[in-house]
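So the sequence lines, in the order shown, correspond to chains E, P, H and V.
Note that the first sequence covers residues 1 to 570 in the numbering used here.
Note that the second sequence covers residues 1001 to 1110 in the numbering used here.
Note that the third sequence covers residues 2001 to 2230 in the numbering used here.
Note that the fourth sequence covers residues 3001 to 3112 in the numbering used here.
Hints in this document: simulated from the structure, not taken from any laboratory.
C-beta atoms are modelled at their ideal positions from N, C-alpha and C, and glycine is treated no differently.
Misleading hints may appear alongside valid ones.
[Claimed, not checked] Label-pair distances were calculated between CB atoms; the ranges are:
{"id": "1", "chain 1": "V", "residue 1": "R3005", "chain 2": "H", "residue 2": "M2058", "range": "17 to 23 Å"}
{"id": "2", "chain 1": "E", "residue 1": "A296", "chain 2": "H", "residue 2": "T2100", "range": "47 to 53 Å"}
{"id": "3", "chain 1": "V", "residue 1": "S3086", "chain 2": "H", "residue 2": "R2059", "range": "52 to 58 Å"}
{"id": "4", "chain 1": "P", "residue 1": "R1005", "chain 2": "V", "residue 2": "L3083", "range": "30 to 36 Å"}
[What the hints assert, rightly or not] Calculated pairs, DSS-like style, for lysine-lysine (alpha carbon to alpha carbon, straight line, at most 30 Å):
{"id": "5", "chain 1": "V", "residue 1": "K3090", "chain 2": "E", "residue 2": "K330"}
{"id": "6", "chain 1": "V", "residue 1": "K3057", "chain 2": "E", "residue 2": "K323"}
{"id": "7", "chain 1": "E", "residue 1": "K2", "chain 2": "H", "residue 2": "K2075"}
{"id": "8", "chain 1": "H", "residue 1": "K2056", "chain 2": "H", "residue 2": "K2075"}
{"id": "9", "chain 1": "H", "residue 1": "K2056", "chain 2": "E", "residue 2": "K330"}
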Amino acid sequence: MKFQTIKTDVLILGSGGAGLFAALHASQANPDLDITIAVKGLLGKSGCTRMVQGGYNVALSPGDSVERHFMDTINGGKWLPDQDMAMRLCQTAVTRVQELENELGCFFDRNDDGSLHHKAFAGQTFDRTVHKGDLTGIEIISRLMEQVRALSVNMMEEHRALALLPSRDGEELAGVLLVDMRSGEFRVVRAKTVLMATGGGPTMYRYHTPSGDKSMDGLAMALRLGLGLRDMEMVQFHPTGLLAGRDTRMTGTVLEEGLRGAGGHLLDGSGERFMLNYDDLGERATRDIVSRAIYAEMRAGRTTPNGGVYIAMSHLGPELVAKKFPGMVKRCADCGFDLAAGRVEVVPTAHYFMGGVVVTADTRTAMPGLFVAGEDAGGAHGANRLGGNGVANSTVFGGIAGDEMALQASDQQHWADFDEAFVEAEIERSLSPFRQAAGDINGIRDRLLDVMWDDVGVLRDADGLSRAQLELTRLKSELHASGLADNNRVFNLSWHDWLNLNSLIEVSEVIAGAALSRENSRGAHYREDYPQVGSLEESYFTVAQSNQEQISVERQPVVFSIVKPGESLI
Amino acid sequence: MLEVRLYLAQRASAAIMAPLVLIHLGVMIYTIQGGVDAAEILERTRGSFFWGANYGLFVIAVSVHAAIGLRNILREWLSLRGIGLAIISWIFFAGLLMAGLRAVAAVVIA
Amino acid sequence: MPQQSSQTILDVVTWIQRHLDAGLSYRFACRVGMCGSCAMMVNGIPRWTCRTHVNKVMRDNSLTIEPLRNLPLIKDLACDMSEFFEKWTDSKGYFQGSTTRHDPVSTLSPNSPQRRVADAATECINCAICYASCDVVNWNRDYLGPAALNRAWSLQNDERDSASAERLSVVAGDAGCHQCHSQQGCATYCPNELNPTASIAGLKRMVAKAYVRGELGAGGKGRQGPESDA
Amino acid sequence: MKPHRQQPLYFAFLLHRLSGLGLALFLPFHFYVLALALEGNAELDQFLHWSASPLVKFAESGLVFLLAIHLFGGLRLLALENLPWSNSHKNYAAMALAGGFFVACGFLLRAF
Ligand SMILES: Cc1cc2nc3c(=O)[nH]c(=O)nc-3n(C[C@H](O)[C@H](O)[C@H](O)COP(=O)(O)OP(=O)(O)OC[C@H]3O[C@@H](n4cnc5c(N)ncnc54)[C@H](O)[C@@H]3O)c2cc1C
Ligand code: HEM
Ligand code: SF4
Ligand code: F3S
Ligand code: FES
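Given only the sequences and the hints, what does the whole structure look like? Please build it.
Below, the structure written as structure tokens:
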């Protein structure tokens, strides 16, 4: 199979907050660098950074401090976060927000006196979330996108990364194999430095929030390269995703946290409130508690017609609801639901992936030349991500990656050689569905979504996880035996569905393996057979690796480099 | 910059014409009853500085205004561009201006 | 094709791709009206398909779904949006600040009239629905279009921005705001209820003022119409 | 007509353009007729006589209609571009059209 070869200094995969910030910073650090952004969708229009609603955590308000933000992050992450990363996150968020405002032109909501408005977000001891209404992501990514599009960077839109290419000697990264989705042609981009910022995205669950282009491709590629992935059992569920039936893409999308905060009630299928049976705070309990409660109700069969629960706001007065949550009311209305006066079916929904590639606080990985930032990188959040720390994470570390890559690419004289045979093999692998008879891709997808939801979801136990592992193995071989109903490689979404499923299944296996390995319950990970938190002092994180198609998971002790359990910086 | 000038010229001429056309419409509706004859018109207009200025201004404004308007239409609907478009617009402008001034002369001066 | 109580146009397209025509090409990402990737012509009107319920647009039990107007087609329902974004850049639709990341965030009242104007035009998701609804875009391929001009207007009202003179001379150029004839398709169909018409009118006023005062630069480096001097 | 054009303010645009075009095409003729006065009142009278026929009167009120809607529509556009934004442009456009009819009918009524 023929492929085109391109050379660049800095290659960036993905154009969310991490990818775009990296491009901006690399270009600012050294305008002479040749920078290329390759992205699966359109530049700045794909990924989840755009979808950020709540806002951006930053210790900027008087009385708040970086230390306090750090402590909230560590506590929220149940002492599993990599403390150097968490500290870097909280420190750099300050400059990053100032950069977003002063250099990129974001305008976050202000108080009447003109100072930044900081709102409260769950799990934090201070109001520190800056935002633009409830559409913060649009403001951030639009401003970023404008800046990057005005630079002279090479844009490879609708180019999907298929494989990270090691150098011939395996000592460093040589480049990336991509396919131009619009033409079906393969391209190898040789680069001195590569940033992987493809944004994770737990879309292998029946209900999920992230954008449709995210399918864990990055983590699957890292796994195949032999890199260690940490905290892979940590999948964050948002308690209230819209439930509108299996056949609509609206299902799973987020209904704002604020609905519960404002006094919304959760009702089971028969219309009874149930949250008070689980927690004294009722609907206002934290995300993980509410998610588990709803999941338990669903398992007990007390569900709505579509198999979830209801959220009801009408007792607050429909006018008030319509006034306070115009965006949500309109969105529900577009889907045919009356949020203000009626009930809307909801379900917990997979929202964010805390796990990711093992990196240092300056975004380097074990593979020289490869940098990872954003949701693809593990460590900053530990067992749980605070609302508002996600976009902070991607913009902070994306910028850092840009700085680091510019340094390295400016110094480095050589481009490493890649192995042609390796490329050929990867191309063959991606083309394999064209050689099989058409299979039931939709059926495989459905089964994947169900098994992950049922057995690797909000509540887990050893039986379920083992069952899931078996099913995932079956699904993998069934997928590999399934071909496509259309043989044209040009903009063939069905082919990309196949490739998405392939990545999702590979990473799902790791999630199940890591979840089985963690024999306690922390943050987003809840084992019914091991409900205890376990000793904080002996906290460990999981690191999964693939050797010859076998996944191994080992536990590594958390290094308390800044604070130990029982201590505090404030 | 050309487009700015054309835009401003067209809007300015429109603003000038608006009251003139209102007057014209009013007078027309007022006088038409029972038919008009040339003598009637000319009696009103001949030697009148008011009507001379009125019509003169209108003719200049409308020539500018309509030529620019026609230029937009030719460009957008017939895809005329460049020098051809400029020539046609100028010819229309000049033709209209001349015909208009001649008409004013006819009803005011002679 | 089975009808469901909750079914968007995007769901219809997806169903067709999954069950009838595996090769069907289209684009979407967020599925909740935030990314502006999924716009198509639905019964001849440009819409965000992920937020358009089938019931709302179905006529006589049939739907016509076509690629977005005014943009080059890639395949089936997916258009090439490059020119849309090039025009965004050409109209200097990006901020140029005068302070840096090491300075504190500006203290600015959210209630000043100017800020309100800037804010009113900011929640654009660059879906190009306005671009597809505007005939001037079709008649004059250089026209910067409603979205880019709307962004420029927002920036012109951002007191922190330091490139307003340059930007003004670009939007006053031969492909700029004066091409707009207030057809108002942009404002009619913008899914976020933005009003590019009002923004463009604002630019026209701003240009007029600058012109009268002799402050208008010489057209900048932006797009020139095909007849820069006629 | 293409569906995206089927909204009131597009009609307003189209009406304004077509009326402007109609006027622009008619105006040279109008000037020509008036210039006939130069050749002596007789010619003009002859013309005006001809123009007293009902058919011509009807056509002329069409022109008055064009002029009136173009005028009112133009005023709407000037207001749109130069006054603070108003959300009532659909109403204004309708009013401009109604005003045009009103003036044209006035003309027609008085002409007969
Ligand atoms: C609905 C929703 C609401 C959220 N709200 C908040 C919030 O309020 N506050 C907060 O802090 N966080 C929030 N988050 C989380 C936040 O959005 C993410 O943490 C963050 O945006 C991730 O940024 P990223 O740059 O890593 O990835 P993304 O922004 O997701 O970008 C990933 C990019 O990679 C591309 N890509 C994927 N695969 C490939 C491939 N194979 N080849 C090439 N490119 C590829 C994608 O197309 C995309 O451009 C929310 C997330 C969701 C889904
Ligand atoms: C009575 C006062 C008038 C006013 C207030 C007026 C106003 C306007 C305005 C504002 C426009 C610009 C429309 C646009 O480009 O968006 C316009 C266009 C135009 N006008 Fe007038 N006009 C008047 C009289 C006339 C007359 C008498 C004629 C013809 C002889 C005329 C012919 C045109 C033409 C041909 C256009 C171009 C239409 C287009 O581009 O869509 N106008 N007018
Ligand atoms: S102005 Fe409205 S229609 Fe146009 S691109 Fe922005 S959001 Fe879309
Ligand atoms: S549709 Fe086009 S003509 Fe102007 S008002 Fe909107 S840009
Ligand atoms: S898919 Fe993002 S706006 Fe429709």
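Status of the hints after comparison with the structure:
Roughly 21 Å separates the CB atoms of V:R3005 and H:M2058, a value that falls within the hinted 17 to 23 Å. Between E:A296 and H:T2100 the CB atoms are about 51 Å apart, so this pair conforms to the stated range of 47 to 53 Å. Between V:S3086 and H:R2059, the C-beta spacing of about 32 Å breaks the proposed range 52 to 58 Å. With their beta carbons about 23 Å apart, P:R1005 and V:L3083 fall outside the hinted range of 30 to 36 Å.
For the suggested pair V:K3090 and E:K330, the alpha carbons sit about 24 Å apart, so the restraint of at most 30 Å is met. Note on V:K3057 and E:K323: the hinted pairing is violated, with a Cα-Cα distance of about 57 Å set against a maximum of 30 Å. Proposed proximity of E:K2 and H:K2075 is supported: the alpha carbons are some 23 Å apart, at most 30 Å. The suggested pairing of H:K2056 with H:K2075 holds, with an alpha-carbon distance near 26 Å, which does not exceed 30 Å.
Using a Cα cut-off of 30 Å, the hinted pair H:K2056 and E:K330 holds, with the two alpha carbons roughly 14 Å apart.
In summary, the numbered hints that this structure violates are 3, 4 and 6.
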